[in-house]
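Visitor: The residues making up each chain are set out below.
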Amino acid sequence: DTGVSQNPRHKITKRGQNVTFRCDPISEHNRLYWYRQTLGQGPEFLTYFQNEAQLEKSRLLSDRFSAERPKGSFSTLEIQRTEQGDSAMYLCASSLNSGGNNEQFFGPGTRLTVL
Amino acid sequence: AQSVTQLDSQVPVFEEAPVELRCNYSSSVSVYLFWYVQYPNQGLQLLLKYLSGSTLVKGINGFEAEFNKSQTSFHLRKPSVHISDTAEYFCAVSVPTGGGNKLTFGTGTQLKVEL
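Protein chains in written order, with this note's numbering: chain A, 1 to 115; chain L, 1 to 115.
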């Protein structure tokens, strides 16, 4: 069990550029979540997948954001035309949906800085 | 919708002293409750969770929490803290049915343990 991994760990970009982050969940986990954490705040839910299906998206996820999980394994989160307000830590978590025990395991996060 | 309130943004405490981090939640339905810890530049690690059953929950690193339904609280306690407990602590809730078990977090409490 290598845990949840995220790449890159840090990304600095200029306003208007597109960025893509990758999350590799724990291998047998069928659920994958994306959260965003800004300075001084708790993580906020963005979206989640059950296998390859994206089942819910938060209103925080504007049209510039898109997430995929094409084969039900790794996931990507793309932000188009980045804005300074997108600067945050983007956290990925995975869980095994079995009954009520849905412990989410978090990755180390990708810190995005938009200049 | 659910919400979580962590009234204390920072809690300073001397090493070996007891500590309590407060968490109150709001929900019209039954919830699961969690405490996570976040060390600098790392993801979140689960300390403990309440799903059902005994209202006193024991977690890792000597932490425990008590679910109080009438007061809608889930305060985190440790009888004797260590320097290594210095970190950010987040209380979170999820809804057992529907909603994909996504987590709603509080704004966090920074625990600073001093010598």
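FYI, nobody ran anything at the bench for these hints, they're computed from the structure. These figures come from a predicted structure and were not determined experimentally. Heads up, a few of these hints could be off.
Think about it this way: if two alpha-carbon atoms lie no more than 35 Å apart in a straight line, the pair counts; the simulated DSBU-like pairs of lysine-lysine are [claimed, not checked]:
no.: 1; chain 1: L; residue 1: 69; chain 2: A; residue 2: 11
no.: 2; chain 1: L; residue 1: 112; chain 2: L; residue 2: 58
no.: 3; chain 1: L; residue 1: 49; chain 2: A; residue 2: 71
Here chain L is said to cover these stretches of chain A; the calculated rule only asks that three of the stretch's residues, wherever they fall, bring their Cβ under 8 Å from a Cβ of chain L [stated by the list, open to error]:
no.: 4; segment: 45–52
no.: 5; segment: 67–77
Virtual Cβ for every residue (Gly too), placed ideally from N, Cα, C.
Visitor: Please go over all the hints and tell whether each is borne out by the structure.
Guide: How the hints compare with the structure:
no.: 1; hint: L:69 with A:11; result: 43 Å, violated
no.: 2; hint: L:112 with L:58; result: 22 Å, holds
no.: 3; hint: L:49 with A:71; result: 31 Å, holds
no.: 4; hint: 45–52; result: holds (count 3)
no.: 5; hint: 67–77; result: violated (count 0)
Violated hints, in rising order: 1, 5; the structure is consistent with all others.
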